[in-house]
Amino acid sequence: MSVLSLLDSSNRHLLVMSTNGYNLKFYFQVPNTPKSSFLDTIVEFSTKVESVQKVSVRSQKFSMCFDDLRRLSNYLKNHLQNIKNDPDYESHTFVDYNLTYQIQALCGEYSCSDYNENYFSICSMVNIVKRSPSSSAIYIGGESTISFLQTEEFILNLKKIISLAN
Numbered sequence: 001m002s003v004l005s006l007l008d009s010s011n012r013h014l015l016v017m018s019t020n021g022y023n024l025k026f027y028f029q030v031p032n033t034p035k036s037s038f039l040d041t042i043v044e045f046s047t048k049v050e051s052v053q054k055v056s057v058r059s060q061k062f063s064m065c066f067d068d069l070r071r072l073s074n075y076l077k078n079h080l081q082n083i084k085n086d087p088d089y090e091s092h093t094f095v096d097y098n099l100t101y102q103i104q105a106l107c108g109e110y111s112c113s114d115y116n117e118n119y120f121s122i123c124s125m126v127n128i129v130k131r132s133p134s135s136s137a138i139y140i141g142g143e144s145t146i147s148f149l150q151t152e153e154f155i156l157n158l159k160k161i162i163s164l165a166n
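The sequence shown begins at 1 in our numbering and counts up by one.
If you're looking for bench data, these hints aren't it; they were derived computationally from the structure. Glycine included, each C-beta is placed from N, C-alpha and C at the ideal position. Hints may be right or wrong, so weigh each one.
BS3-like, lysine-lysine: derived pairs with alpha carbons at most 27 Å apart [stated by the list, open to error]:
id	residue 1	residue 2
1	K25	K48
2	K54	K160
3	K159	K48
4	K25	K35
Restraint ranges, calculated between C-beta atoms of paired labels, are given here [to be verified]:
id	residue 1	residue 2	range
5	L156	T33	36 to 44 Å
6	C112	K61	38 to 46 Å
7	K77	T145	17 to 25 Å
8	S111	E90	14 to 22 Å
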């Protein structure tokens, strides 16, 4: 289940992409200025499976452009369409402009008869170290499955955040 919530009165929002094994959380500070192109963001990866050790890592705060959110929305929407045509389809890796997180949508299962059973694998990683273009990056993350319904809900919530830019 994807969650979009207003954290407090200072216009901070939390958007969660919930897979079967982990959550990828986006903490957004939406600017008060109209027509802004950027929002302060922190990305957090955390496991939620009880049978493994709890892992939770966060990126440093960075300025994410709204175009990254549009690209991510389109990336996931296109992947859903491609999986319907070819369940073995794997998308190229999505990387934000700041190289702060990566997502790769992988192969899955699609059935016209039971839409609730459709899913695909997804890898998500968060850069926890990179401080400058010349430094090395260390990404931590994981792979799990996500349903089509969870993905569509996340896309809808992404669009709500994008609409705050207008």
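Is K54 within 27 Å of K160, Cα to Cα?
Cα-Cα ~30 Å, so violated.
27 Å limit on alpha-carbon distance, applied to hinted pair K25 and K35
holds, 24 Å
C-beta pair S111, E90: status relative to the range 14 to 22 Å that was hinted
Taking Cβ atoms as reference, S111 and E90 lie about 19 Å apart, which means the hint holds.
Straight-line alpha-carbon gap K25 to K48, limit 27 Å:
Distance of about 12 Å is within 27 Å: holds.
For C112 and K61, compare the CB-CB distance with the range 38 to 46 Å and indicate the outcome.
For K61 against C112, whose Cβ atoms are near 43 Å apart, the range 38 to 46 Å holds.
Does the alpha-carbon distance linking K159 and K48 stay inside the 27 Å limit?
holds, 25 Å
Check the following: the C-beta atoms of K77 and T145 are separated by a distance inside 17 to 25 Å.
holds, 18 Å
Taking 36 to 44 Å as the stated bounds, is the beta-carbon spacing between L156 and T33 within them?
violated, 25 Å
Checked against the numbered hints given earlier, this structure breaks hints 2, 5; the rest are met.
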